[in-house]
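Take the given structure of chain A and dock chain B to it, following the hints.
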Amino acid sequence: MNVENRLANKKRRSQKIAFGIFSFTSYSVVALLFVILAFIVVKGIGAISWEFISEMPKNGMTEGGIFPAIVGTLCLVLASMIFAFPIGVLAAIYMNEYVKAGWPKKIIKQMTNNLAGVPSIVFGLFGMSLFVNKLGFGDSILAGGLTLGLLVLPVIIRTTEEALKSVDDTFRQASLALGASKWETTSKIVFPIAFPNIITGLILSIGRVSGETAPILFTVAAYFLPKLPTSIFDQAMALPYHLYVISTSGTNIEASRSMAYGTALILIIIVLISNLLANGLRKYYGKKVKMN
Amino acid sequence: MSSVVLLKIKHTDLKTNFKQIKEKIIEFILMLSSAATSITVVLIVFFLFIEGAGVFSKKPIDKGFLLAVNDSNPITKLEPSQIKDIFDQKITNWKELGGKDQAIVLFRTGDITDYYTDEELGANFEYFPEKINELVAKTPGIIAFFSDKYKSKDFKGRELDLDKISVFKFLSDEEWFPTAEPVAQMGVKPLIYGTLLVSFGAIVLALPIGLFAAIYLSEIAKKRTRNFLKPLIELLAGIPSVVYGFFGLVIIVPLIQSVFNLPVGETALAGSVVLAIMALPTIITISEDAMRNTPRAMKEASLALGASHWQTIYKVVIPYSASGITAGAILGIGRAIGETMAVLMVTGNAAVIPHTFLAPVRTIPATIAAELGEAANGGLHYEALFALGCILFVITFGINMLVEMVTNKQSHKKH
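Order-wise, the sequence lines are chains A and B.
Mapping to my numbering: the first sequence position 272 is 397, numbers consecutive.
Mapping to my numbering: the second sequence position 331 is 570, numbers consecutive.
Rather than coming from a laboratory, the hints here were simulated on the basis of the structure.
Note that the structure is predicted; figures quoted are calculated from it, not measured.
Glycine included, each C-beta is placed from N, C-alpha and C at the ideal position.
Hints are not guaranteed to be accurate.
As the list claims (entries may be wrong) - Computed cross-link-like contacts, EDC-like style, restricted to lysine to aspartate or glutamate with a CA-CA straight-line distance of at most 20 Å:
no., chain 1, residue 1, chain 2, residue 2
1, B, Lys261, A, Asp293
2, A, Lys136, B, Glu458
3, A, Lys234, B, Glu643
4, A, Lys290, B, Asp528
5, A, Lys313, B, Glu266
6, A, Lys408, B, Glu473
7, A, Lys230, B, Glu613
8, B, Lys263, A, Glu222
9, A, Lys234, B, Glu266
10, B, Lys263, A, Glu309
11, A, Lys307, B, Glu266
12, A, Lys307, B, Glu262
13, B, Lys258, A, Glu222
14, A, Lys225, B, Glu266
15, A, Lys259, B, Glu613
16, A, Lys141, B, Glu458
17, B, Lys258, A, Glu309
18, A, Lys230, B, Glu643
19, A, Lys231, B, Glu613
20, B, Lys254, A, Glu309
As the list claims (entries may be wrong) - Footprint (simulated), chain B over chain A, 3 or more residues, beta carbon under 8 Å:
no., stretch
21, 220-231
22, 241-255
One chain only, chain A, in its complex shape (with noise of 0.2 Å):
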């Protein structure tokens, strides 16, 4: 009885020592993600102003603001998404509504998981070696975009494929039913339904994009351009860009420390309002779509 006692005892002495590990290191986790965000909001808030997100840089970087950034970051954006949006929901519809299952399916499956496991660097080299040079776009906002679109292209498709397979299947016997086409059905019923969450993955992207540095380096970037572009073959900044430039090889890097907070912030509030808004928009429609 007494040895039974104490083997249970020290069975829950175990449990309690390995659960406490557990949980501290899981808040510990978060509290790291909090300790990132906090020391770049408490050192980026007071960079922040009107100016600093309305005026070009100054003074080699030091003084002014992050105009030309932030526009040149909007440009690869949009650039991207016109070219990757599309290709990716097209294909998206078509691995989930149009092909059965088989061994096409299966290597578009596989080499859309190799591209997403491509390092963003290596889409840096490919993007100069085939828009840059043998394109000849150039260093240019086609080229920059062109080559972030391909890498997030794999995200799209994958989101989209979710929100397509959450769809009820209900929705497309009954359509298919009543004698509408497979495209018919497709595009007047099933991507309806769907859209909430295609847009969910839509903002994702957004965020992955505006964040990636190693692939416009040498396909779009500038260190400093006095002008904004003003068409898609002009070099454009970029705010990750312009971060990784002013906070180690600036031409004073710690006199634009400040600068650099003030853009990290940026970058961080870009990526928080996306996943915020992701997040929101799929429980939102989520309840909405239960419901009914």
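Showing chain B alone in chain A's frame:
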């Protein structure tokens, strides 16, 4: 009457026909779109390898330049590393290279004025080739590095033979100095070691933490706690790598510098710490998914036999989800190996074979990012960086395949 009906039928026939064609066209467009990712992968492989393969058909010396020695010198061939040592004056006697006991006399084009006056060379350097020829012929210990256009027709010296860069040498040479004069040093070993060291460090740090967090989230935490924690951890994955790099640069690097009392804080360890933070969400999400897939009946059977909750976790849940956890860990390593910006910003970028975590290192992606901007298009350096890209691509491709295999095994087990 009947002809009107016939016409109507024909009309609807045409309509359905038209509709069918439209459907087919749309399906074709959809199919093309779905091929986009496959085409991209193929194109990436094609362009990377075309550009990267260029490096292996060339000699490591700049085009249009040559290395020559005196005709009496028995040495006919030198390794790039030997040439570098000669020009760095680490090797000063031909004896060390298996030649005669003779001091090595270095000669670069600019040194010509040490031997001849301006008048002797001519106003437009028209006697340049002749004089170089003369100098090489009369100096037995000379090694001369000069442009092709200064090589006279009756050149009496002997051109040194350089081996083309081979795949084996590229992978096994221990020095990476692609812009070195006169001969580029193209050994990627320090970069590969650097990449592996930093990634290894990251996974050692991140795996236990990630695993513990995954266990807590999937097995212990209440649903509400989980729903609160999980999105936050996923948010960690959304932060751009350049922000992580910046955070590492201003917080982790100085911290490591002061804790270990180092001259510089930009070390492999700093890279590992930053990468560990970045790999955590991947490891946690995938391991947690695997653990939650453990059949309820298995857990309940274990608990019914009198095992404690903790015993059930480490005797049932963890073994059952082992392949999923492995997949998460491998994927985490893959992320770490390919990560560019954060590593570039915190590891110090010294291209030497690392012996400790507390020294600066340079990884493959960081090298590409740091050097491609300066490399001339289509030049040797440019191609060498693409060859690095190939290595990176092959490694990450292999890792993806491995993950695929591991997860397939898991899904087989379920049935």
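Outcome of the hint check:
no.	hint	in the structure
1	Lys261(B) - Asp293(A)	violated, 26 Å
2	Lys136(A) - Glu458(B)	holds, 17 Å
3	Lys234(A) - Glu643(B)	holds, 11 Å
4	Lys290(A) - Asp528(B)	holds, 19 Å
5	Lys313(A) - Glu266(B)	holds, 16 Å
6	Lys408(A) - Glu473(B)	holds, 16 Å
7	Lys230(A) - Glu613(B)	violated, 42 Å
8	Lys263(B) - Glu222(A)	holds, 14 Å
9	Lys234(A) - Glu266(B)	holds, 18 Å
10	Lys263(B) - Glu309(A)	holds, 13 Å
11	Lys307(A) - Glu266(B)	holds, 9 Å
12	Lys307(A) - Glu262(B)	holds, 8 Å
13	Lys258(B) - Glu222(A)	holds, 18 Å
14	Lys225(A) - Glu266(B)	holds, 13 Å
15	Lys259(A) - Glu613(B)	holds, 19 Å
16	Lys141(A) - Glu458(B)	holds, 14 Å
17	Lys258(B) - Glu309(A)	holds, 10 Å
18	Lys230(A) - Glu643(B)	holds, 15 Å
19	Lys231(A) - Glu613(B)	violated, 41 Å
20	Lys254(B) - Glu309(A)	holds, 15 Å
21	220-231	holds (count 3)
22	241-255	holds (count 13)
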